[in-house]
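Based on the sequences and whatever the hints tell you, model everything.
As given, the protein sequences belong to chains A, B and C, one line each in that order. Using the numbering used here, the first residue of the first sequence is number 590, and each one after it goes up by one. Using the numbering used here, the first residue of the second sequence is number 590, and each one after it goes up by one. Using the numbering used here, the first residue of the third sequence is number 590, and each one after it goes up by one.
In case anyone wonders, no lab produced these hints; they're calculated from the structure. Bear in mind the structure is a predicted one, so any value in this text is a computation, not a measurement. Treat the hints loosely; a few may be bogus.
Residues on chain C that point at chain B, a partial pick, calculated with CB under 8 Å [as the list claims (entries may be wrong)]:
#1 F754
#2 A766
#3 Q895
#4 R901
#5 L910
One-sided excerpt, in silico: chain A residues whose CB lies under 10 Å from chain C [stated by the list, open to error]:
#6 V693
#7 N745
#8 H751
#9 V755
#10 A769
#11 E771
#12 H774
#13 G828
#14 G886
#15 R901
#16 N911
Straight-line distance between alpha carbons at most 20 Å, and here's what the computed SDA-like set of lysine to any residue pairs gives [said to hold, decoys possible]:
#17 B:K612 x B:N683
#18 A:K897 x C:S854
#19 B:K897 x A:H756
#20 A:K736 x A:T593
#21 A:K897 x C:T855
#22 C:K897 x B:K612
#23 C:K736 x C:R629
#24 B:K736 x B:D711
#25 B:K803 x B:F793
#26 B:K897 x A:K897
Even glycine gets a Cβ: it sits at the ideal position worked out from N, Cα and C.
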Amino acid sequence: MSETRSYPLNAWYAAAWDTDIGKTLLARTICDTAVVLYRRRDGSVAALEDACWHRQAPLSMGRLDGDNVVCGYHGLVFNGDGRCVRMPSQETLNPSACVRSFPVVERHRHIWLWMGDPALADPSRVPDLHWNDDPAWAGDGRTIHAKCNYRLVVDNLMDLTHETFVHGSSLGNDAIAEAAFESTHNERYAYITRWMKNIDPPPFWASQLGKPGKVDRWQIIRFEPPGTVTIDVGVAPVGTGAPEGDRGAGVNGFVLNTMTPETESTTHYFWNFCRGYRLGEQRLTNEIRDAITRVFGEDELMFAAQQKGIERNPHRGFNNLNIDAGSLWARRLIQQMVEAERPRSRLAAE
Amino acid sequence: MSETRSYPLNAWYAAAWDTDIGKTLLARTICDTAVVLYRRRDGSVAALEDACWHRQAPLSMGRLDGDNVVCGYHGLVFNGDGRCVRMPSQETLNPSACVRSFPVVERHRHIWLWMGDPALADPSRVPDLHWNDDPAWAGDGRTIHAKCNYRLVVDNLMDLTHETFVHGSSLGNDAIAEAAFESTHNERYAYITRWMKNIDPPPFWASQLGKPGKVDRWQIIRFEPPGTVTIDVGVAPVGTGAPEGDRGAGVNGFVLNTMTPETESTTHYFWNFCRGYRLGEQRLTNEIRDAITRVFGEDELMFAAQQKGIERNPHRGFNNLNIDAGSLWARRLIQQMVEAERPRSRLAAE
Amino acid sequence: MSETRSYPLNAWYAAAWDTDIGKTLLARTICDTAVVLYRRRDGSVAALEDACWHRQAPLSMGRLDGDNVVCGYHGLVFNGDGRCVRMPSQETLNPSACVRSFPVVERHRHIWLWMGDPALADPSRVPDLHWNDDPAWAGDGRTIHAKCNYRLVVDNLMDLTHETFVHGSSLGNDAIAEAAFESTHNERYAYITRWMKNIDPPPFWASQLGKPGKVDRWQIIRFEPPGTVTIDVGVAPVGTGAPEGDRGAGVNGFVLNTMTPETESTTHYFWNFCRGYRLGEQRLTNEIRDAITRVFGEDELMFAAQQKGIERNPHRGFNNLNIDAGSLWARRLIQQMVEAERPRSRLAAE
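Next comes the structure, spelled out in structure tokens:
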């Protein structure tokens, strides 16, 4: 597995939305590992490997007893740290009896798990998705179970020229594929910035802006490895100064995406669209969420087809164009994290 | 295959209930081998490999002609010993033309096949399930297609503390997990004996006994390798002498189980519940059979989940508790049979 | 793959019926390769590998723009020769940007692809199925998606004794399995010729002939590697001279079959039945087509069962009878083609 693993383990991954987790047992596979998640009575979230120490029965088939999980097969009881605290028919507890527990942080409406070395689990490294619970922004999202490696979703989001071809009836138009863009990066993020000036807005944005005429449109994509992409998007009427920094006459949103490997070929893809205008309109929230659900459905079909093509020809690889600058930087940042986890001896042997 | 095979071949395996086999062709996979079964005109059962010598067409897609099987593709005819007795368009029969036949014994309501060396197929080694057709006992059973290795079913039956956690609403209560038990064995069998004295009976047994008050309850589990488990179960009112040998005031049954590997990860699991009381009541027979079908359905879910967990982490292994004494002995007896079939040279190399 | 490949690549394979291909994109897997097919405006057929050079998205998910294919993901445009002629956001085209194109010949109602070295793609080597579009013959056929290696279908057609056992109610009777046959071959074809003289016709042929009494029946099977089998079939009243060459009093048809590997274990099987009598009767065409569809449905079940048996015991192999003379010659001709494509060094090492 480690030879071909495409994702780092020493990273925070979104395992769920905050509202997905309650005082019941939820089974979810994260990074090829079966995990069971639940909330303790104090509201904190516990994440344990979903396989009993005794006979590998899934703990998620058992039940919660207060803050502890009771295995549904032979009744072993584990606390939220994974330690076995009761064994029926045993006078003494085997001190080695435990299941793996994973560091958890709840932040920005997601439950984040650290799948690697717990000693390295620094909460300050949780990816930045602060718009998700910032009252200055409103929106709603969904979870997509994408039938592809998580990097194909990253590629998709780092090159929005695909909107012209995949989403031509909603978000895309020729302007995106024709517009120049700028690729930059620093130690933490990689960016693609694209300004489409003095264009006709595509249907979605024309409707959001609610004003006739040409617009300046922007897409400022930010990648944070291993799997988080935020996209600052919007339009403003031409001549109102958006490219120079004054977006006041326009409309602005953030497409927030974080992708978590379920397996090498499937992905938990959590997205949200937060807007900075008409915050109180729940109906608009629902309309936008449903419209994006339809648009992203077009991507899902492509993800599955592309993954199937790759599995058919695993050694062929990709060819790159100018438009892939963002994807190339994203994959380079991912690769650095993966390589940092390899045993030194293996690196030396290569 | 032989490296990882978990079952011995030199053993009798139940392939079917007696009533499953008639004068038609039945296809069934036993120990990873496709078999076709049928009755000859004299009532005896024939078992052949289900692949024609000529082009590997399944013989079960053909038809019976008297005691012979006619292949449904090109008409080769095989007798119940597997010898080809007719080849269309051939003047002479190829003397090597045959399919493998398996030794068969019909006993205790099962059709038993010997999948290993026919020279070793000693009918006296058929596992003892005599209650199945003993007029002193009445009952009815079913076949479960369990989605797990057959040893997981053995484990399940050798440790009945799981009743407390899996079957809490019917058979289980805390008394089982708390009661002491005795583990013994001899050359042929491994036993677990558990007496729960002066307890409240669980719902099923309260109903069977039909008398109020505390009971002494017993579970005497007997394992016969590779896959047969009989369980002597019952309750008697406290103080009527059951622990000392007088069960006359109580009710007694036998849970009869025999597990046959279909593949390494699936099992034909034949069970019957025979009771020694109210023998003539067909309605009671049906009620008990249906109740146990429901109870064993709870185990089926666990079997499949456990198997999936093992396949996800094949090298992790199990950890053992006191309650696993019976399972450990059962696996040891199985392992002896498997190792006895390995080539000597391979053993030496290990 | 090449170690175990059962089919030659330097051969013409039917990919479709002529009417399957229009001015839309059709995805089909041929010889384990994903292909997209379409017609150019001049009616000629283009066949490209169904994976974009850029990111392996299936081109069949894109759209046609005149004679070119536009990838549905990022808009790269390929012409019918596979050359990329447009890349959005690129000022210059990468000269190496292309997808594989396959030589195509449209002949005898089929679209034939050459999956090997294009330099060897000689149109004179397209298999002979001229009856398909000869006005002296009338008929209609279908495509079967057979769940087996293509050679199992060849085997089936080269030995029609199976009609006795698989199709006893329509085409077969004991006469076929009992009749002598002659096996011949030349550099291009292998033949099996079988005359059944003075027999009762089976139901299908009795109905076609429409005359009472005994008949002479013929089956003259011709194999052209790697996957084409034509069968000259018919009956004539006894004594009217058919065996001597005068078929004027009888009825004659050709069962035309060409099998194309989709994968090693699945086959595109195109068949047609052309008759030389009652040419103008469309109703008869439909009746025969539907009758044969039912008959071949019986073979499909056997193909899938046989393939499954082979996959269960891949090293067991087949045993051969007199009736397999045609199949043996067919496989020998196939094997010659496959071996001619192996690298010399590998042959030397064997």
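Can you verify the interface hint for A:A769: is its Cβ closer than 10 Å to any Cβ in chain C? 8 Å, holds
Should the hint that C:F754 touches chain B count as held when the rule is a Cβ pair under 8 Å? 4 Å, holds
Compare the distance between the alpha carbons of B:K897 and A:K897 with 20 Å, and conclude whether the hinted pair is satisfied. 24 Å, violated
Restraint outcome when C:Q895 is required to lie within 8 Å of chain B by C-beta distance: 5 Å, holds
For the hint on A:H774, does the least C-beta distance to chain C fall short of 10 Å? 19 Å, violated
Holds or violated: A:K736 and A:T593, Cα atoms, limit 20 Å. 18 Å, holds
Are A:K897 and C:S854 close enough, with their CA atoms no more than 20 Å apart? 18 Å, holds
So, as I understand it, the hint says A:V693 touches chain C; can you test that by seeing if any CB pair is closer than 10 Å? Where the cut-off is 10 Å and the nearest Cβ of chain C is about 35 Å from A:V693, the hint is violated.
Verify the proposed pairing of C:K897 with B:K612, using a straight-line Cα cut of 20 Å. 25 Å, violated
Per the CB criterion, is A:N911 less than 10 Å away from chain C? 5 Å, holds
Given the hinted pair C:K736 and C:R629, is their alpha-carbon gap at most 20 Å? 32 Å, violated
Between the alpha carbons of A:K897 and C:T855, is the straight-line distance 20 Å or under? With Cα atoms ~18 Å apart, A:K897 and C:T855 stay inside 20 Å; holds.
When held up to the earlier numbered hints, the structure conflicts with 6, 11, 12, 13, 14, 17, 19, 22, 23, 24 and 26 and fits the remainder.
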